[in-house]
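Chains A and B, in that order, give the protein sequences. Residue 3 is where the first sequence starts when you use the working numbering, and the numbers rise one by one after that. Residue 16 is where the second sequence starts when you use the working numbering, and the numbers rise one by one after that.
In short, the hints are calculated from the structure, not lab data. Please note that the accuracy of each hint is not assured.
Derived, one-sided and incomplete: chain B residues facing chain A with beta-carbon distance under 10 Å [as the list claims (entries may be wrong)]: (1) 109; (2) 126; (3) 168; (4) 170; (5) 172.
Each pair of labels, with its calculated beta carbon distance range [to be verified]: (6) B:140 x A:15: 36 to 46 Å; (7) B:145 x A:52: 24 to 34 Å; (8) B:129 x A:7: 20 to 30 Å; (9) B:33 x A:52: 47 to 57 Å.
Model, not experiment: these values are computed from the prediction. Here a beta-carbon is modelled for each residue, glycine too, at the ideal position from N, C-alpha and C.
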Amino acid sequence: MSDAIKEKIKNYRTAPFDARFPNTNQTRNCFQNYLDSHRCNNALSAKGQDVSPCQWYQRVYKSLCPMSWVRE
Amino acid sequence: MAHPSQLGFQDAASPVMEELLHFHDHTLMIVFLISTLVLYIIVAMVSTKLTNKYVLDSQEIEIVWTVLPAVILILIALPSLRILYLMDEINDPHLTIKAMGHQWYWSYEYTDYENLGFDSYMIPTQDLTPGQFRLLETDHRMVVPMESPIRVLVSAEDVLHAWAVPALGIKMDAVPGRLNQTAFITSRPGVYYGQCSEICGANHSFMPIVVEAVPLEHFENWSSLMLEES
Chain A
3 MSDAIKEKIK NYRTAPFDAR FPNTNQTRNC FQNYLDSHRC NNALSAKGQD
53 VSPCQWYQRV YKSLCPMSWV RE
Chain B
16 MAHPSQLGFQ DAASPVMEEL LHFHDHTLMI VFLISTLVLY IIVAMVSTKL
66 TNKYVLDSQE IEIVWTVLPA VILILIALPS LRILYLMDEI NDPHLTIKAM
116 GHQWYWSYEY TDYENLGFDS YMIPTQDLTP GQFRLLETDH RMVVPMESPI
166 RVLVSAEDVL HAWAVPALGI KMDAVPGRLN QTAFITSRPG VYYGQCSEIC
216 GANHSFMPIV VEAVPLEHFE NWSSLMLEES
């Protein structure tokens, strides 16, 4: 995993501003990162690669999504 | 917080609220001046025995009382738009908190690092200790680090609610299935009160919001304590 991504995840404070979702409604932001996290994990583990870059998406969706939405 | 026979806004605890307060002062002053002028003119017109039957029109005064209101409106619009865009500035939050509305309490989730979540119920009047505020105090407060940009994501678990803290100039609808974002930064430490602002059933008036802004170390101690408790 590249050092840049490692640094970014290490210095994570909270979900940063995402220009794709500039407005008040952040529902899609939570959903998109949730999807991206799971797709990233599935895609990388299917290829047998290191899934740690996917941690970024996981941290973002954990920050944004209400716990009750994510609980199975 | 609000106090008896209060006429104006609560003291501002965030820069945005300060701006709103000053803008309101500016606009209200214009409104008072115009109203006083109109009232004076009405009284003067009604209480005179003089009559004038020979003035039919006057281009000059028509120009004045068309241009002057337009100028006044511009003087109101410019600060208004300035604040509107100020409120929309891209900010880089240090912390994200989710405020979930339930019937009839709020729950707060701090999930940037650990999964900290807790409920915040109003303290019933009979359980208040002397000095506490009736219908405003809660058992758990939403503690935030002072002078840090905070992002609050507001939603609801059942019906519509609204998360409001007047001292911070915030009101945001809590809609089930939707995440509404608002942000604030507290200029000073303190305790700021608000109440649910969307009718949500029998105890709509009894689910207050309390935000406590503290220095960062206190916030870190508090969150460790809260994590241990839950």
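Outcome of the hint check:
1. 109: holds, 6 Å
2. 126: Check passed: Cβ of residue 126 (chain B) comes within 5 Å of chain A, closer than 10 Å.
3. 168: Holds - the Cβ of residue 168 (chain B) comes within 10 Å of chain A, reaching about 6 Å at its closest.
4. 170: holds, 6 Å
5. 172: holds, 7 Å
6. B:140 x A:15: 36 to 46 Å: For residue 15 (chain A) against residue 140 (chain B), whose Cβ atoms are near 40 Å apart, the range 36 to 46 Å holds.
7. B:145 x A:52: 24 to 34 Å: Between residue 145 (chain B) and residue 52 (chain A), where Cβ atoms are some 60 Å apart, the hint is violated.
8. B:129 x A:7: 20 to 30 Å: With Cβ atoms ~22 Å apart, the hint holds.
9. B:33 x A:52: 47 to 57 Å: holds, 49 Å
The structure shown violates just one earlier hint, number 7.
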